[in-house]
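Participant: Here are the chains, one letter per residue:
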Amino acid sequence: MRLNSLALRLFATSAAWTLLVLPLAGYIIYSLYREDVQLSFDAQLKKLLTQITIDSMSTTGDTPVMPPNLYEPLFEVTQSGWYWQIRPIDGAPGRTLVSPSLATAVLPSPYDRKFPTDDTGTRWMNVPGPTGTTIRILEFIDSPGHDPANTKYSIIVAGPLDWFEETIARFRTRLTTALALVGLGLLGVTVFQVRFGLLPLHRIERGLASIRSGEAERLEGQLPAEIEPLQTELNALIESNQDIIDRARTQVGNLAHALKTPLAVITNEARDDETTLGSKVAEQAQLMRDQISHYLDRARIAARAGVIGRVTPLEQTAQSLVRAVERIHGEKGIALVVTIQPGAKFQGEKQDLEEMLGNLLDNACKWGKSRVYLTATIETLQASSQRKQLRIAVEDDGPGLSVEQRAKIGKRGMRLDETKPGSGLGLSIVSDLAASYRGRLTLEASEHGGLKAVLGLPAA
Amino acid sequence: MRALVVEDDKDLNRQLVGALADAGFAVDAAADGEEGYFLGDTEPYDVVILDIGLPKMDGISILEQWRRSDRKMPVILLTARDRWSDKVTGMDAGADDYLAKPFHMEELLARVRAQVRRASGHVKSEIECGPLRLDTKSARVTCEGLPVKLTSHEFRLLAYLMHHNGRVVSRTELVEHLYDQDFDRDSNTIEVFIGRLRKKIPGDVIQTVRGLGYRMSHGPDEA
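As they're listed, the protein sequences go chains A and B.
For the first sequence, the working numbering begins at 1 and goes up steadily by one.
For the second sequence, the working numbering begins at 1001 and goes up steadily by one.
These are computed hints drawn from the structure, not numbers from a lab.
Quick reminder that beta carbons are idealized off the backbone N, C-alpha and C, glycines included.
Take these hints with a grain of salt, some might be off.
Covered stretches of chain A (chain B as the covering partner; in silico rule of three or more C-beta atoms under 8 Å from a C-beta of chain B) [said to hold, decoys possible]:
#1 259-267
#2 320-327
#3 349-359
Throw the hints in and build the complete structure from the sequences for me.
Facilitator: Laid out in structure tokens, this is it:
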């Protein structure tokens, strides 16, 4: 998960809430439970104190009665933590009674230590017991026969606090474990929720990728209501982008048409005129013609650069081009041998592929003697196994070119044989178009004798 | 040979008509798509020069409609749109050749001649017929190696017969293919020109087939 991501934001807010709420809830539950246990512990102690007070003080004399000791079996077990003790207060003479569990030990009196009484007249105190562990002591002051005139006795009942603390600690451990598990579960659910919730965004991402690679023309699929507007807007953007390009193309075409017809008229008039003015005009008109086609081609390339990609099947495009070229060069009776690997697709505009192939085939037909070969294969680039390249070779059996000529010919307007018709821009526009697709045009010697032009283009 | 020029630019139209007439064609001209379509649909042309960008009806539609109604004359498309995608569209619509503006008139004429020759089934640029030899590139006729001087009407008549050597060509066909639509079509003029031709070349080369028309005696099979 990246730092700046929707997933992290959603996850972090949810996790923060969980981390805040769970400990708080744990603390509340713990407090409630602790209070509850404390209350019931205190209630038990209080009950024992009341029983022992009633049993020992319900007498007519000034001496307390030995309580029957039936309240709690642990009063019988030595140092069990459960004790009771009846002693006269303020060091007054009188009978001292203790539980068997207390043995010889003496419990301290909260009365001696000036502890206040609660509203039932009971004093509470936590102190270390005879064995060193903390015990809770309750004390009630009463006199035998409940007669205030008699000697006052401190009646004490004690219970082990370590038992209480243990119970609470056990509960705390279990509560913490349970809440931690709930927390982990919640985080897990959050992760799932975020992933699941953001799934449509990944769909958009994939959709856009396939538009860019040219497999799709628009963002398809039913997307959630929240991002449907995004989908609509993206599609509208893609469409308007395409519109702009189409319009630019049309304008460029219109400009070409508008300029070329008068240029044709000027050229023809000038060639009929045999003065120097005539030949100058004819020469300049030719220059204008070359410049126009050069810059129109550049404009077309620029209009196309950065456009969301399209895919052009090679087979169909090549077939109709071959038909056209065969008809144009029907005079020479050149046979075109076409070998195209099935499924070969060019990642780019059909018009551009036609322009590149058309120029190469046209050249080959102009120079070839009897045969022209068009061979297309799909190659996997070694550098990255993902990207595929389309390798299109156009060869002829004509005179071919020397190494120096091949180096020279790519330059703009360079024509090696002025007698063959053509503006001489054919190969340079092919080279420029290929470059605009990050592809390239290379010239080699063909095994059939003539020139071999090889186009390396991105395959889809 | 009859040619049709469909081009909306007045100057270019005039230049094309002039150049084709000089090259020995009987030329009709149309300045918009509808007129061009109608002429091509009704008159028997041997070649058509068709601009693509035309008012009222564009060249591609015209061409497609002609081909759909089985008009098979050679059509050379003329256009400023010189991308290969445009050429492919044109060729797929049924064009025989494609010429991008601006062009050299000589190149256009060479292509026109090539189309006319191909349409009548000749592969080479020279058509031979017994002692006669027609060089379609230079529009010259020689008889046993010596140039024959011909007027433009005589040349048109002889060239048409030579293009279609080996078969009988009727007088009506000759009239239809030799004169533009405004010409006064009196078939007697054909006979007058045949008579003049027979004086300039060996008389027996052009045979009269009674009731049917004329035939060049040395067809491709006999030559």
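Participant: All hints are to be evaluated individually against the structure, with a verdict given for each.
Facilitator: Results for each hint:
Figure legend: the segment 259-267 of chain A, annotated as covered by chain B; annotation consistent (9 residues with Cβ-Cβ distances under 8 Å, at least 3 required). Taking a C-beta to C-beta cut-off of 8 Å, the segment 320-327 of chain A contributes 5 residues in contact with chain B, enough for the three needed, and the coverage statement holds. With 7 residues carrying a beta carbon less than 8 Å from a beta carbon of chain B, the segment 349-359 of chain A meets the three-residue requirement, and the given coverage holds.
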